[in-house]
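Use the sequences and the hints to build the structure in full.
There are 2 protein chains.
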Amino acid sequence: MNRAHQLREVFAECGISAALECVGERWSFLILRGAFNGLRHFEEFQSNLGIARNILSNRLGRLVEHGILQRDPDPADRRKVTYRLTDKGRDLLPVLLSLRQWGERWVSGHPSNPVLVDRYSRRPIAPITVRSAEGRPLSLGEMEWVDRNEIDAADVDAA
Amino acid sequence: MNRAHQLREVFAECGISAALECVGERWSFLILRGAFNGLRHFEEFQSNLGIARNILSNRLGRLVEHGILQRDPDPADRRKVTYRLTDKGRDLLPVLLSLRQWGERWVSGHPSNPVLVDRYSRRPIAPITVRSAEGRPLSLGEMEWVDRNEIDAADVDAA
DNA sequence: CTATTAAGTTGCAATACGCAACCTATACGG
DNA sequence: CCGTATAGGTTGCGTATTGCAACTTAATAG
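Protein chains in written order, with the working numbering: chain H, 58 to 216; chain X, 58 to 216.
Simulated from the structure, these hints should not be mistaken for laboratory data. Where hints are given, some of them may not hold.
[Stated by the list, open to error] The following label-pair restraints were derived from C-beta to C-beta distances:
1) H:Ile112 / X:Arg128: 31 to 37 Å
2) X:Tyr177 / H:Gly118: 42 to 48 Å
3) X:Arg135 / H:Ser114: 47 to 53 Å
4) H:His167 / X:Gly95: 31 to 37 Å
Don't be surprised by glycine CBs; every beta carbon is placed ideally from N, CA and C.
This is the structure in structure tokens:
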């Protein structure tokens with residue numbers, strides 16, 4: 058197995074490809090942002106995001122299939138359906154926030170609204186950073202890519 | 058201005074929309090992953106990622122337009138062109154890593170290769186988390202969305 | 001019992017994506 | 001020099017995805 062073949066396998070089974078299978082489509086992140094901001098119903102997503110109804114329908118269905126949203130008919134009003142984040146969906150928050158912070162810093166140039174704050178201190182959350190196992194923020198120069206076979210197995214699975 | 062209108066504006070000028078304008082297309086994240094892993098040349102991206110040549114050409118061009126990659130002809134061999142990450146591009150690392158960690162945890166089920174380690178301790182980086190301004194990891198229940206006008210301006214811009 | 005709301009579906013046009021073949025400008029070997 | 005290989009694309013063409021507007025179906029509200 059040559060180097061090129063190895064790398065191709067590496068990319069195919071990469072966590073990023075896997076994640077993009079679920080949330081890589083155009084509107085997925087914006088729908089998720091809506092969900093994190095409290096949107097629950099089809100019409101709310103549609104009117105707030107301005108997304109086409111057929112696309113929204115398709116995306117909600119796909120997010121449900123992937124276990125990122127859960128779809129519950131409202132027992133009190135049987136026309137209504139509630140979409141809410143599962144644990145798997147809630148765990149996408151760091152992705153959403155790091156993407157948002159990058160967009161604010163490098164594209165739009167200003168913080169957007171609403172702001173996510175620490176409930177107790179009322180201060181906005183910190184910029185999301187890469188940290189060492191001990192919690193020290195790392196710059197790119199302090200990191201290195203290594204083959205996982207060269208690392209202690211317990212460490213790899215922890216990461 | 059009613060609530061619906063307000064929210065729509067909020068979404069339109071959101072940092073996430075802004076970010077997705079630059080990196081929201083199908084292959085962008087995988088190309089960036091390649092760049093972080095040391096890919097530099099057109100043929101390297103093409104053969105390692107298995108992406109169609111015209112799409113790759115288009116994506117590289119767009120990433121260069123957005124200032125995420127920089128394109129330099131090689132003076133030693135004028136057939137060759139080098140694509141490398143700019144500061145703006147390098148700053149996408151937290152997005153890539155959080156996406157990857159999510160994919161490994163919830164989809165593929167295992168860490169992928171290669172692994173990013175702290176150069177000195179040789180241990181893999183920590184999972185990316187949301188933290189308070191003081192650096193304390195926060196769970197979703199400890200956070201709250203608030204309108205930015207209700208927050209001290211210095212704090213907002215820091216975030 | 002009529003009007004309205006919620007959550008979709010359908011038909012059709014515009015865009016983006018993907019594959020294979022082709023092209024252009026170097027560089028390399030003899 | 002001169003044929004051949006390499007790097008980085010472009011072109012043509014078919015398929016898949018996206019987007020808009022109109023329509024549907026079921027349930028509730030007045």
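Results of checking the hints against the structure:
1. H:Ile112 / X:Arg128: 31 to 37 Å: Holds: the Cβ-Cβ distance is about 34 Å, inside 31 to 37 Å.
2. X:Tyr177 / H:Gly118: 42 to 48 Å: Cβ of X:Tyr177 to Cβ of H:Gly118: about 47 Å, so the range 42 to 48 Å holds.
3. X:Arg135 / H:Ser114: 47 to 53 Å: This hint holds: roughly 52 Å between Cβ atoms.
4. H:His167 / X:Gly95: 31 to 37 Å: holds (34 Å)
Violated hints: none; the structure is consistent with every hint.
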